[in-house]
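K.L.:
First to last, the sequence lines map onto chains A and B.
Residues in the first sequence are numbered from 306 upward in steps of one, following my numbering.
Residues in the second sequence are numbered from 15 upward in steps of one, following my numbering.
Derived from the structure by calculation, the hints contain no laboratory data.
Note that the structure is predicted; figures quoted are calculated from it, not measured.
Please note that the accuracy of each hint is not assured.
To be verified - Here are the in silico distance ranges between beta carbons for each label pair: (1) B:Asp102 - A:Thr422: 53 to 63 Å; (2) A:Glu374 - B:Leu173: 38 to 48 Å; (3) A:Ala415 - B:Lys33: 38 to 48 Å.
C-beta: ideal position from N, C-alpha, C; glycine also.
Each chain is listed here by its residues.
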Amino acid sequence: MNVKEYISSGIIESYVMGMATDVERHEFEAVCAQYPEIAEARNAFELALEEQLLTSTSQPPVHLKQLIEGKVLSTAVDIDVANVEPDEIQVRRIGPWKWLAAASIILLAATAFWAITTNNKYIELQAAHNNLQNQLQQSTAQLDTLKQEASLLQKPGIMMATMKGTSDPGIYATIYWDTTSANKDVYLMVNNLPETTSDKQYQLWALLNGQPIDLGMIEARQQRLLLRMKNVQSAEAFAITLEPKGGSATPTSAPLVLGKL
Amino acid sequence: MSTKITYREQDLVISLRNKDNQAFGYLYDHYSGALYGVIRQIVGELELSNDVLQETFVNIWRKIDSYDETKGRLFTWMLNIARNAAIDKTRSKGFQQTQRQQPLEDGEVLQASVRPGIDDYGLKKVLLRLKDEHRQLIDLSYYQGFTHEQIAKALHMPLGTVKTRIRTALTQLRALLS
Numbered sequence: 306m307n308v309k310e311y312i313s314s315g316i317i318e319s320y321v322m323g324m325a326t327d328v329e330r331h332e333f334e335a336v337c338a339q340y341p342e343i344a345e346a347r348n349a350f351e352l353a354l355e356e357q358l359l360t361s362t363s364q365p366p367v368h369l370k371q372l373i374e375g376k377v378l379s380t381a382v383d384i385d386v387a388n389v390e391p392d393e394i395q396v397r398r399i400g401p402w403k404w405l406a407a408a409s410i411i412l413l414a415a416t417a418f419w420a421i422t423t424n425n426k427y428i429e430l431q432a433a434h435n436n437l438q439n440q441l442q443q444s445t446a447q448l449d450t451l452k453q454e455a456s457l458l459q460k461p462g463i464m465m466a467t468m469k470g471t472s473d474p475g476i477y478a479t480i481y482w483d484t485t486s487a488n489k490d491v492y493l494m495v496n497n498l499p500e501t502t503s504d505k506q507y508q509l510w511a512l513l514n515g516q517p518i519d520l521g522m523i524e525a526r527q528q529r530l531l532l533r534m535k536n537v538q539s540a541e542a543f544a545i546t547l548e549p550k551g552g553s554a555t556p557t558s559a560p561l562v563l564g565k566l
Numbered sequence: 015m016s017t018k019i020t021y022r023e024q025d026l027v028i029s030l031r032n033k034d035n036q037a038f039g040y041l042y043d044h045y046s047g048a049l050y051g052v053i054r055q056i057v058g059e060l061e062l063s064n065d066v067l068q069e070t071f072v073n074i075w076r077k078i079d080s081y082d083e084t085k086g087r088l089f090t091w092m093l094n095i096a097r098n099a100a101i102d103k104t105r106s107k108g109f110q111q112t113q114r115q116q117p118l119e120d121g122e123v124l125q126a127s128v129r130p131g132i133d134d135y136g137l138k139k140v141l142l143r144l145k146d147e148h149r150q151l152i153d154l155s156y157y158q159g160f161t162h163e164q165i166a167k168a169l170h171m172p173l174g175t176v177k178t179r180i181r182t183a184l185t186q187l188r189a190l191l192s
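Bound-form chain A, shown alone:
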């Protein structure tokens, strides 16, 4: 290769000024690496061009420096990210339909979770609701009973007889006799009666002309305030005796409590 001829061919200037084709450029770079003279000639032209351009310039507007420096500094972060990302993180391009599918699955899972949770909550709430409704019904029924009992106690024509313990004054019960009603209803309030053994029961009697009239059986412990007993048209006194379970036709023991009208 004739180096001198090559140097004066114009390829150096063409290369340095960016006017060479890709083929010419690659060839020139290879030749430069091989022939220091050619690289030297290239460097000389570069310096000559640089000197001419640096000494005969057109200064840009002063404000541009600040603008450009601001722009450059703000790109510093981008560069770091751009340089690091491809090495350390494998980013895969995902097609829009895949995003859509992924979003749908997430939405479906979220909806299912929501539905199950909501259904469980609904079941719990329904149980709690039923429970409350039952309690309310019971309370309402109890309240109604109490109201009826209270109105009965307040009724003007009602006769009251306290049956006191014949041996123990702490044992007693009260008779409320609605003499104004057509049936002359008898009610009993158990204030304090001792527990009975399982084979015994208390029995209420009305006494008329020395004769006992059966008014029904009583448990020692009562939920209700007033117990509705059998009716009696007239009576002089009331008494309770302890009888064998099921009751007796006539009292078999002495009265536990006794009250005269």
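Once you have looked at the hints, place chain B on chain A.
P.N.:
For chain B alone, coordinates are given in the frame of chain A:
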């Protein structure tokens, strides 16, 4: 120039690669005038030239790692970035609408007229000393970025002749510079 520090080119490149802001300031102070001159001679219009200078320095800062010292000087590398950005700007739709720049077509050749304040410094100042036919070829190929094939077609010249004349013009330019 406010910066007192001067850099040897090798050190400047290293500092730029380390994203040293002070080095960038030096680079701008030292080279912006030369690069802006070339950009203006290609683009012409002031605002667009400012845009191109900005793009050029952003690209220099971003691509400094790809600069290869064995292939040429830093300034040569930067000059080519500036020239390419400027030519790209003249090819943009907006530029062609405002500047009414015609694509190079058969038989239609823009005369290499001298624009005062734009063509009387830098490389163009040297080119004025070339023969008109040589200056026109440098203008079309270097400043307007047309390929040899495009120029041959427009000037009704064989491709070989265009290549030879451009090479001749370039060697004459080197002679004028040295």
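K.L.:
Indicate, hint by hint, whether the structure satisfies it.
P.N.:
Hints, one by one, checked against the model:
no.	hint	verdict
1	B:Asp102 - A:Thr422: 53 to 63 Å	59 Å, holds
2	A:Glu374 - B:Leu173: 38 to 48 Å	45 Å, holds
3	A:Ala415 - B:Lys33: 38 to 48 Å	45 Å, holds
Hint check: no violations occur; every hint is consistent with the structure.
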